[in-house]
Amino acid sequence: MQPDRIQDEPSAMTPLDPAHVAVLRIRFGLATAAAAALALLAARADVFRALPIPAWLPPATILLLGLAAALLLPVRRYRGWGYKEGKEEIEIRRGRLVRVRTIVPFGRVQHIDVAQGPIQRPFGLGTLILHTAGTHGASVPLPGLAYAEAEQLRDRIRAKMRQDLV
Amino acid sequence: MSAPAPAPEEKRLHPASLVVRWLKIVPQMLAGGIGLAATSEYGGVQRFILFAMFAGLIGALFALVSWWRFLYAIGPGEIVIEKGVLRRRRRVIPFDRVQDVAIERGLIARLFGTARVRVETGGAARDEGELDMVALGEAHALRDRVRPGARAAEAAREAPAAEPVLFAMDGQRLLLSGLFGFSLVFLAALAALVQQLDQFGIVDWDEWVTVERAEAAGRLVTLWATLMLATLIVLAGLAAGMVRTVLQDFGFRLTRTQAGLRRRRGLFTLSEVVIPLGRTQAALIESGPVSRALGWYRLSFQTLGADRKEGGVQVAAPFARMAEILPILAEAGFPAPPPPAAWRGGPRRALIRWGAPWAALALAAAAGAWLIDLRAAIGAIAFVLLGIAALLHWRVHRHAQDADALYVSHGLLRRRLAVMPYEKTQILAVSRGPLQRGLRLATLIVDTAGAQPMRGIRMIDLDQDEADAGADGLHAAFLAARAARKPRARRKRPAKRKPPAGHG
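These protein sequence lines map, in sequence, to chains A and B. With the first letter of the first sequence counted as 1, position 15 gets the number 14 in numbering that gives the first Met the number 0; the numbers rise by one all the way through. With the first letter of the second sequence counted as 1, position 128 gets the number 127 in numbering that gives the first Met the number 0; the numbers rise by one all the way through.
If you are wondering where the hints come from, they were derived from the structure by calculation, not from laboratory data. Just so it is clear, CB atoms sit at the ideal spot from N, CA and C, and this is done for glycine as well. Nothing false has been slipped in among the hints.
If you only want the chain A side, here are some residues facing chain B, beta carbon under 7 angstroms, derived:
1) Leu96
2) Val97
3) Arg98
4) Val99
5) Arg100
6) Thr101
7) Ile102
8) Ala132
9) Gly133
Chain B regions said to be covered by chain A (calculated; three or more residues, Cβ under 8 angstroms):
10) 418-429
11) 432-441
12) 466-474
Turn these sequences into a full structure, and let the hints guide you.
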């Protein structure tokens, strides 16, 4: 049992790798670019003719809002994450708007993945995914770990996994 | 069958399965034929008969080829199924992956003395290992070899009387439970049928419903006619529920076997399922508003990888008194729910979260009624009623804990009481949305393995500190229960009975 009440003190948790912020920024930026490009195509095709606004306004708005989001949101998201590796369990926190604290007992882990996306690769980051036999949260992801750290964590958890299912 | 088998052990299905397959294929082809005959201008009885004969022949050919190409073998530690006409598929299911083996006997199967065997592995794929059909003796032998835990001692099956009966339903009970099976599903089925007929061009909906007819019908719609129709629908709903219940639960019998609870039921399709006790995750005691008032409940177990049709939830007693349910629970190693005094709800401020959305909607509708259209008042009243229902629901959404298990009760009308032994915990989660954070509330979710429809056991809107402490406490209880279980070498607690004071 952990006596420490840490719901609102993320300091007790291990934060993700700071490079995760950059990964999130790039993801936001790419999504923004794609949306703006679509809006631009629509503008070229005179879709907005019926509206009493100049045709460049929708793509420009999307671009501005998206860039602002890419600047502001990743840090917030990054701060929402945290994990704590216990003796028999790993505790993962995520979310700023809806905050979820998940306790995954090592004995319940069925198998573990370490995944690396194309944007994570240049930053040397990876995502640890814990799979259980449950239904509500059958797989629990933990993104933004240094890849080597993710692999070490996986090996440590694997050593403590037990094979019985029920 | 003296088929030149490629390997000594490989077998074909019972030849009767040819008939079953044929009966399955031909109606499908005939349905197309009816449409063809109805729409084609040369349509006629002769043409249809010709087509039917053709369909019958083709169907027989298909059935023969797929039967010929379906082989199965029981190896030393695995079951191998090989099928497919053009693309061969070979599936190997190791015995230790098998969660359950179900034997089903439909009307035709019983005529031929055969059965359908389904090997469940807990995977998501359909038809994981289905043998449709093999001889009954073969089916039982197969199950005894394949099923986890069940070994030679299963010979007791031939004399089911030897197994202690935990619950059985006589005719009177069956009919009573049928009354509570009220269902309006048949209306949907009827609508689907009409649409189908419309598609095949037998009934033309547009031609059938004309303006004149609609007007004539309009004159007929009086208060009496409406009442009559409503009565008719209710009666039909009762009848449908009755028929369904009798078909499904006829001869319901729950017996204790070595590996678990054996359930037999069914009028035409006799089904036999073993609920493996080692794999039960939670017990559910459900009741509708009327049945609860009269003291009738339904007990089911959430299991891992059991019959997929019921999504891993197996009924153990469809319609029983609490006094009948508690011994079954005890037999399955589940504790009895604690007395009412032990149950607790969330803090009172949670009522704001349960009622506020409805209050907001009601206010919006009331404003709409005042400013735009008076008819919106109906919406306002409906939202107020829904809000009241939500507040009442909060009152009955309660939970309890004792030495062995967590108990959560949920649902205003259809109520579901879940019993989850601590050792069955998969993941614990504490979730807080924006409104919950403002009210310092949190939802504690306990995830269990197996069933989809459960989506975890939830305690909605606890005090947030209490929810956090609860998650830690449940985790500690999980570890303790596991540690206590270890030395017992995977053997399920043998009917650990709670003291009789356990239930009120």
